[in-house]
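Protein chains in written order, with the UniProt record's numbering: chain X, 1 to 438; chain Z, 1 to 250.
Hints are not guaranteed to be accurate.
Stated by the list, open to error - Straight-line Cα separation of at most 25 Å, DMTMM-like style, residue types lysine to aspartate or glutamate; simulated pairs:
hint: 1; chain 1: X; residue 1: Lys248; chain 2: X; residue 2: Asp312
hint: 2; chain 1: X; residue 1: Lys58; chain 2: X; residue 2: Asp312
hint: 3; chain 1: X; residue 1: Lys394; chain 2: Z; residue 2: Glu54
hint: 4; chain 1: X; residue 1: Lys394; chain 2: Z; residue 2: Glu132
hint: 5; chain 1: Z; residue 1: Lys100; chain 2: X; residue 2: Asp380
hint: 6; chain 1: X; residue 1: Lys394; chain 2: Z; residue 2: Glu74
hint: 7; chain 1: X; residue 1: Lys394; chain 2: Z; residue 2: Glu51
hint: 8; chain 1: Z; residue 1: Lys100; chain 2: X; residue 2: Glu234
Said to hold, decoys possible - Here are a few chain Z residues that face chain X, going by a calculated C-beta distance under 7 Å:
hint: 9; residue: Pro72
hint: 10; residue: Ala76
hint: 11; residue: Gly92
hint: 12; residue: Ala102
hint: 13; residue: Ser106
hint: 14; residue: Gln110
hint: 15; residue: His203
hint: 16; residue: Asn221
Unchecked claim - Computed far set for chain X versus chain Z, every beta-carbon distance over 12 Å:
hint: 17; residue: Asn192
hint: 18; residue: Asp351
hint: 19; residue: Ala420
If you are wondering where the hints come from, they were derived from the structure by calculation, not from laboratory data. None of the values given here were measured: they were computed from a predicted structure. Each residue gets a CB set at the ideal place from its N, CA and C atoms; glycine is no exception.
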Amino acid sequence: MDLKEKLVSSFLAFEDGLDLDHPVHEERSNAIKNFETKGFPTKKDEAWKYTSLRGLQKVDFSIFPKQETTLEYKDVKKYFLHEIDTYKIVFVDGVYSSYLSETTHDGVDICLMSSAFSKPMFKQVIEVYFNKVASKDESLTSLNTAFSKEGAYIYIPKNKMPKKPIQILHLATGNEAALMLQPRNLIVAEDNAEVQIIERHQSLTGNEVFTNSVTEIFAGKDAIVDYYKVQNDEPTASLVDNTYISQKNSSVVRVHTFSLGGKLIRNNLNFYQNGERIDSTLKGVTILGDKQHVDHHTLVHHAQPNCESHQDYKGIFGDSSTGVFNGKIIVDKIAQKTDAFQQNNNILLSDRSTINSKPQLEIFADDVKCSHGCTIGQLDEEALFYLRSRGIPKKEAKALMMYAFANNVLESVRIPELKARINKIIAEKLGVRMGFDL
Amino acid sequence: MLEIKNLHASVEDKEILKGIDLKVNAGEVHAIMGPNGSGKSTLAEVIAGQEEFEVGEGNILLEGEDLEDLSPEERAHKGVFLSFQYPVEIPGVSVTNFMKTAINESRKAQGLEDMPANEMLKKIREKSEMLEIDRKFLSRSLNEGFSGGEKKRNEIFQMAMLEPKLAILDETDSGLDIDALRIVANGVNKLRSKDNAIIVITHYQRLLEYIVPDFVHVLYNGKIVKSGTKELALELEEKGYDWLKEEAAV
Numbered sequence: 001m002d003l004k005e006k007l008v009s010s011f012l013a014f015e016d017g018l019d020l021d022h023p024v025h026e027e028r029s030n031a032i033k034n035f036e037t038k039g040f041p042t043k044k045d046e047a048w049k050y051t052s053l054r055g056l057q058k059v060d061f062s063i064f065p066k067q068e069t070t071l072e073y074k075d076v077k078k079y080f081l082h083e084i085d086t087y088k089i090v091f092v093d094g095v096y097s098s099y100l101s102e103t104t105h106d107g108v109d110i111c112l113m114s115s116a117f118s119k120p121m122f123k124q125v126i127e128v129y130f131n132k133v134a135s136k137d138e139s140l141t142s143l144n145t146a147f148s149k150e151g152a153y154i155y156i157p158k159n160k161m162p163k164k165p166i167q168i169l170h171l172a173t174g175n176e177a178a179l180m181l182q183p184r185n186l187i188v189a190e191d192n193a194e195v196q197i198i199e200r201h202q203s204l205t206g207n208e209v210f211t212n213s214v215t216e217i218f219a220g221k222d223a224i225v226d227y228y229k230v231q232n233d234e235p236t237a238s239l240v241d242n243t244y245i246s247q248k249n250s251s252v253v254r255v256h257t258f259s260l261g262g263k264l265i266r267n268n269l270n271f272y273q274n275g276e277r278i279d280s281t282l283k284g285v286t287i288l289g290d291k292q293h294v295d296h297h298t299l300v301h302h303a304q305p306n307c308e309s310h311q312d313y314k315g316i317f318g319d320s321s322t323g324v325f326n327g328k329i330i331v332d333k334i335a336q337k338t339d340a341f342q343q344n345n346n347i348l349l350s351d352r353s354t355i356n357s358k359p360q361l362e363i364f365a366d367d368v369k370c371s372h373g374c375t376i377g378q379l380d381e382e383a384l385f386y387l388r389s390r391g392i393p394k395k396e397a398k399a400l401m402m403y404a405f406a407n408n409v410l411e412s413v414r415i416p417e418l419k420a421r422i423n424k425i426i427a428e429k430l431g432v433r434m435g436f437d438l
Numbered sequence: 001m002l003e004i005k006n007l008h009a010s011v012e013d014k015e016i017l018k019g020i021d022l023k024v025n026a027g028e029v030h031a032i033m034g035p036n037g038s039g040k041s042t043l044a045e046v047i048a049g050q051e052e053f054e055v056g057e058g059n060i061l062l063e064g065e066d067l068e069d070l071s072p073e074e075r076a077h078k079g080v081f082l083s084f085q086y087p088v089e090i091p092g093v094s095v096t097n098f099m100k101t102a103i104n105e106s107r108k109a110q111g112l113e114d115m116p117a118n119e120m121l122k123k124i125r126e127k128s129e130m131l132e133i134d135r136k137f138l139s140r141s142l143n144e145g146f147s148g149g150e151k152k153r154n155e156i157f158q159m160a161m162l163e164p165k166l167a168i169l170d171e172t173d174s175g176l177d178i179d180a181l182r183i184v185a186n187g188v189n190k191l192r193s194k195d196n197a198i199i200v201i202t203h204y205q206r207l208l209e210y211i212v213p214d215f216v217h218v219l220y221n222g223k224i225v226k227s228g229t230k231e232l233a234l235e236l237e238e239k240g241y242d243w244l245k246e247e248a249a250v
């Protein structure tokens, strides 16, 4: 049985344990119909021209893990940003681990989607926000919506800010030969609220994992949301990350995506600006080797006047790795005085690595500032000689240059310990000892 | 210190250096002058180990050791320093961090521990004061957005930090106004000692008024066509290079 059939047929079993009268359930039913009609995207779809999911569809994934597994904190500590105190929402093989987590209802709600779906106190928020910005048309998003049951639920009321950053960690133990996960996250920051979130997906073995994740983020007026995606997974772990963001007046949402490891990563990052004076920031560092593949598809939809967006993606591709950057910017006719900036710079370290970079601008307003740029190159030989002539060995000099290349993307990381951690991962990936933080 | 014997070097089959002989002793300053395209910068880069050039015949010996098979970084570890005519901009790496990395890599190559942080800071402070470099400048990205003069001053700052045995200054005077020239030249003069040697490559006699050479060589068409003392520089200033070209053609 292929994966699509398997998913569609298991929907009935999935429904068994759910409250079918819940308003969300109608969304699920509609979503599975859409997925059944559309199926997995293929290379014939323009948006999936360079990323194939065919290989994944041949794998016999378990859709519902059979057993619950407990993990010791000391064994997974390194996957947490443990240098600072944080709230933690942790899932093991898709199942919430209360033992590893630290949630709260103290002024803010940092808990689980399963609770939010079932408890009356969250009903209103679910009704107002759930599946309201996520696409009802895109098939993988629909697939996630159909099976939406568990994930992180974060609700920050007006004028509030959690005491510490929040980590969302999805661990896959490898108890199943191949496991498919579909976490669903909802993040709401009401007017003037502020929140910092770190999300990571981590496989603990060499067994195949396929995660199809959907995150909806709502930023109220003057809200500030910082979202960091740490993608540094095993070479057998694949991730399709669908993130949808809706922003109101004067809100700031910054999403940083660090794609440093994994088999296949597809990021669909969508910003919808539903107000004025909005600031949307999208930054990415991608460093790949082997046969890894990363595809960044970004969308910024400027629907109101006087808003800004800043996109800066840097990629370093070694061995036979492949990258895609497709940055779409839509500026509606009404969205005058839009300031949209997009930059994608890439370094290819080998003859076998490739990058497909495509800016896609659809501008219907006449008084706007939109700039985009894309570069693909090798390391500058003259600069390399300069560094080497000062006594810095070739390997370190190359690493230093790559480090420097990726650096400005890290500048806007607002959690210093996270910045240090990412620096460290990058240094390890480049195989050098760095005597300092850049 | 440095002995160059019959050095030939080419790039893409075009021979640029056509048999250079040069001997520089410790404690000496040599100036190499010559018209554009005579091979001055090539000579500097070949000594520093630029791999773009194919070295054919000849040898470069530093304290008796042949440099031929050494990489640029190994040459740097042995005490070779090149002040670039066009220093490269490296965005994202601060001057300070760059210097720390360079110094500690050299120390590592010599089997030494990293320089203690306080010692490093002290040295940075001393040397930047010597070259009248603003402290803020040190936390800026290496050469990024620096003026021509700032770049050159930064090169000499690096020289002061690395304390090379052999420093080659490639057109360090270009892009400098008279005040900056004086500061840079003073810096270089303070770094002169009986244990090191300096090669100054320049078009003009101007720099040599401040950094007074022991010997002056004229490079033309890949060869040293004339050598003399500092008076030769004055003669060149007065007469230009044409008479030497004619002499060389004979």
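*asked:* Please verify whether lysine 394 of chain X and glutamate 132 of chain Z have alpha carbons no more than 25 Å apart.
replied: 32 Å, violated
### Proposed interface contact between asparagine 221 of chain Z and chain X, which counts if any beta carbon pair is under 7 Å
Constraint on asparagine 221 of chain Z not satisfied, violated at 25 Å.
* Asked: Looking at aspartate 351 of chain X again, its CB stays over 12 Å from all of chain Z?
  -> 19 Å, holds
Taking 7 Å as the limit, does the beta-carbon of serine 106 of chain Z come near enough to a beta-carbon in chain X? 4 Å, holds
* Asked: Does the CB of glutamine 110 of chain Z sit less than 7 Å away from some CB of chain X?
  -> Check failed: Cβ of glutamine 110 of chain Z comes no nearer than 10 Å to chain X, outside 7 Å.
Does glutamate 54 of chain Z lie within 25 Å of lysine 394 of chain X when you go C-alpha to C-alpha? Distance of about 19 Å is within 25 Å: holds.
Worksheet item: For the pair supplied as a hint, lysine 100 of chain Z and aspartate 380 of chain X, is the alpha-carbon distance within the 25 Å limit?
Response: 22 Å, holds
Is it correct that the beta-carbon of asparagine 192 of chain X has no partner in chain Z closer than or equal to 12 Å? Per Cβ check, asparagine 192 of chain X is outside 12 Å of chain Z; nearest 34 Å; holds.
- Is the interface hint for histidine 203 of chain Z satisfied, with its Cβ closer than 7 Å to some Cβ of chain X? 22 Å, violated
Item to check | Hint check: 7 Å Cβ-Cβ cutoff, glycine 92 of chain Z to chain X | outcome: Cβ of glycine 92 of chain Z sits 3 Å from chain X, so the hint holds.
Quickly compare the C-alpha distance for lysine 394 of chain X and glutamate 74 of chain Z to 25 Å and report which way the hint goes.
10 Å, holds
Q.
Please verify whether lysine 248 of chain X and aspartate 312 of chain X have alpha carbons no more than 25 Å apart.
A. Answer holds: lysine 248 of chain X to aspartate 312 of chain X is near 22 Å, not above 25 Å.
Of the numbered hints stated above, those contradicted by the structure are hints 2, 4, 8, 14, 15 and 16, listed in ascending order.
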